[in-house]
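One line per chain: the protein sequences are G and R, in this order. Take 1 as the starting number for the first sequence in my numbering and just add one per residue. Take 1 as the starting number for the second sequence in my numbering and just add one per residue.
Note that these hints are calculated values from the structure, not bench results. One should not assume that every hint holds.
Note that the list lumps identical chains together, so a pair holds whenever it fits in one copy or between two copies.
[What the hints assert, rightly or not] No farther apart than 30 Å at their CA atoms in a straight line, the calculated lysine-lysine pairs in the DSBU-like style are these: (1) Lys235 x Lys146; (2) Lys146 x Lys199; (3) Lys120 x Lys199; (4) Lys199 x Lys100; (5) Lys190 x Lys162; (6) Lys235 x Lys162; (7) Lys235 x Lys100; (8) Lys120 x Lys190; (9) Lys120 x Lys52; (10) Lys235 x Lys52; (11) Lys199 x Lys123; (12) Lys190 x Lys100; (13) Lys162 x Lys123; (14) Lys100 x Lys162; (15) Lys162 x Lys120; (16) Lys52 x Lys162; (17) Lys235 x Lys190; (18) Lys235 x Lys123; (19) Lys162 x Lys199; (20) Lys199 x Lys52; (21) Lys52 x Lys190; (22) Lys146 x Lys100.
All of these numbers come straight from a predicted model, not from anything done at the bench.
Given next are the chains, with one letter for each unit.
2 protein chains.
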Amino acid sequence: MSLSVSFAGAGNLAWHLAPVLDNAGYPVREVYSRNPQHAQQLVARLYDGEVKASLDFSTSPSQVFILAVADDAIEQVAREIILPDGALLLHTSGSQPLDKLSYAAASGTGVFYPLQSFTKGVKVDFRQVPVFIEGDSAEVERELMKMAGAISRQVFRLDSEKRLALHLAAVFASNFTNYMLTLAHDATQKHQLDYNWLKPLIAETINKTFQVGPEQSQTGPARRGDFETLDRHMKLLQEDSQVAELYRLISQQLVDRYGEETEE
Amino acid sequence: MSLSVSFAGAGNLAWHLAPVLDNAGYPVREVYSRNPQHAQQLVARLYDGEVKASLDFSTSPSQVFILAVADDAIEQVAREIILPDGALLLHTSGSQPLDKLSYAAASGTGVFYPLQSFTKGVKVDFRQVPVFIEGDSAEVERELMKMAGAISRQVFRLDSEKRLALHLAAVFASNFTNYMLTLAHDATQKHQLDYNWLKPLIAETINKTFQVGPEQSQTGPARRGDFETLDRHMKLLQEDSQVAELYRLISQQLVDRYGEETEE
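Please construct the entire structure, taking both the sequences and the accompanying hints into account.
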């Protein structure tokens, strides 16, 4: 018999995870959100869920409770949530340790961390998303393995410390690469250029890192130690001191890293 | 009748461009490199080319001479190269203005800038690479349009000033995103994690920027203003002051940029 699930939080992660669990035999019964409209929108994506008005789940039909809230809200929600007997309480954060849930009166606690960048309205194939689980007992970990295995082909056990390191790596790999593309987009807009011209370059850059690894595939003026080009770019950026500072810092780190080499 | 071509420079760009031109009806006859071994390796990729030992092309059979050298070497090579009568001299740099070639005794000068990150040994489909051309006369530009059109489906005229801005955007879009992936790779290696776990995240991050644009697709603790998570990451980075400084700077810029919003 499958477990049923309730969510606290209706943000980007819940938006993707709740319907996927719902379809995989883990019916999602309830969604709570500080913003009831967000809860309502998510419930509309479920077969048989309802909006929950408070964190009092004492009469809930569910066995699994998933905190899909901002990382810095987990502890507070764990303190406030009222759970039925026998409840399994999970959080979904890469950066927060399992013991953040110790404030809650749950029978078992665990972490269910899908390593992906989720945006409402942008589809994700969850089978390809690695899910990292951790439980406060072997029994909880068996249950989480089963649950994660129902929606993803890649499930791994990872402790809180290594999960934080993985989350840090993910920030560089996803959030910061995304910001670099935002700055590239800004530059094209400022100079009346077509951002689409950059797409084959971006696609090839990423493909290449998968083929030969990012360290090997680094190119550009900073890697070559081409200071004249760095100067030209800095002049273009002189009106935007924040972006100039970032340009200088990254270029300096690339010069330091590759400075020993010579490249024709 | 097609023109034949000689190259000065046998680096990453020449490695890709010379065989593509050779195959497209612009036979490449000669390759010069400071490193004769590099020239030899490139000539081996051509139908009928030979290694040139010096920049004296006065008896060359070619009409088009392509400087595929480091940006900061263009001016020097343009001063040193000896061309036959009627030669068209091109450089391939995004950052250098056309007039860097004015030191050479050429009949015409131009720029042929393929917007791509080239690495020897990693194949590129040149038809998808946007090529930006500029010439010192309408006649040169017509010739460059024809030549670029023989190898790429995307050819655009762009003046030196806008080309520099595009090159700056490309540094953010390619070189700096690549560096972020290198730092992610470093973090996985340092903490005994599998870099491959990040691949679906990286692929999805890039796909999403193409679907909704990078500004909309930004996620992560800095965008959410989640300072507790930023602190946790900073603690993990405390032994690596360079990376910590970069983490702090990018996160601060994201906080500044998205700080006005609230995201659940």
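To see whether the hints hold, each was checked on the structure:
When the C-alpha separation of Lys235 and Lys146 is checked against a cutoff of 30 Å, the pair qualifies neither within a copy, at 56 Å, nor between copies, at 33 Å. Taking the closest pair of Cα atoms, Lys146 and Lys199 come within 30 Å of each other only across two copies (23 Å); inside a single copy the shortest separation is 39 Å, beyond that limit. Within a single copy, Lys120 and Lys199 get their C-alpha atoms as close as 23 Å, and across copies as close as 21 Å, so both meet the 30 Å cut-off. Taking identical chains as interchangeable, the C-alpha atoms of Lys199 and Lys100 lie at most 30 Å apart only when they sit on different chains, with a minimum of 28 Å there against 41 Å within one chain.
Taking CA atoms no more than 30 Å apart as the test, Lys190 paired with Lys162 passes between copies only; the shortest distance there is 10 Å, against 41 Å inside one copy. With identical chains, the CA atoms of Lys235 and Lys162 are at most 30 Å apart between copies only, with a shortest distance of 14 Å across copies and 42 Å within one. In the homo-oligomer, the alpha carbons of Lys235 and Lys100 lie at most 30 Å apart only across protomers (18 Å), although the nearest pairing inside one protomer, at 48 Å, exceeds that limit. In the homo-oligomer, the alpha carbons of Lys120 and Lys190 lie at most 30 Å apart inside one protomer (28 Å), although the nearest pairing across protomers, at 33 Å, exceeds that limit.
In this assembly of identical chains, Lys120 and Lys52 lie within 30 Å of each other by CA distance solely inside one copy; the values are 20 Å within and 58 Å between copies. Proximity of Lys235 to Lys52 under the C-alpha cut-off of 30 Å is found in neither arrangement, the shortest distances being 55 Å within a copy and 37 Å between copies. In this assembly of identical chains, Lys199 and Lys123 lie within 30 Å of each other by CA distance both inside one copy and across copies; the values are 20 Å within and 17 Å between. For a Cα distance limit of 30 Å, the shortest separation of Lys190 from Lys100 across copies, 25 Å, qualifies, whereas the shortest one inside one copy, 45 Å, does not.
Proximity of Lys162 to Lys123 under the C-alpha cut-off of 30 Å is restricted to the intra-copy arrangement: shortest distance 28 Å within a copy versus 36 Å between copies. Taking the closest pair of Cα atoms, Lys100 and Lys162 come within 30 Å of each other only inside a single copy of the chain (16 Å); across copies the shortest separation is 52 Å, beyond that limit. Taking the shortest Cα distances, Lys162 and Lys120 sit within 30 Å of each other inside one copy (28 Å), while across copies they are farther apart (35 Å). For a Cα distance limit of 30 Å, the shortest separation of Lys52 from Lys162 qualifies neither inside one copy, at 34 Å, nor across copies, at 55 Å.
In this assembly of identical chains, the alpha carbons of Lys235 and Lys190 lie at most 30 Å apart only when taken from the same copy (15 Å versus 36 Å across copies). Taking the closest pair of Cα atoms, Lys235 and Lys123 never come within 30 Å of each other, the shortest separation being 40 Å inside a single copy and 34 Å across copies. In the homo-oligomer, the alpha carbons of Lys162 and Lys199 lie at most 30 Å apart only across protomers (18 Å), although the nearest pairing inside one protomer, at 34 Å, exceeds that limit. For the homomeric pair Lys199 and Lys52, neither the shortest alpha-carbon distance inside one copy (43 Å) nor that between copies (36 Å) is at most 30 Å.
Taking the closest pair of Cα atoms, Lys52 and Lys190 never come within 30 Å of each other, the shortest separation being 46 Å inside a single copy and 43 Å across copies. For a Cα distance limit of 30 Å, the shortest separation of Lys146 from Lys100 inside one copy, 23 Å, qualifies, whereas the shortest one across copies, 65 Å, does not.
When the structure is compared with the earlier hints, violations turn up for hints 1, 10, 16, 18, 20 and 21 and for no others.
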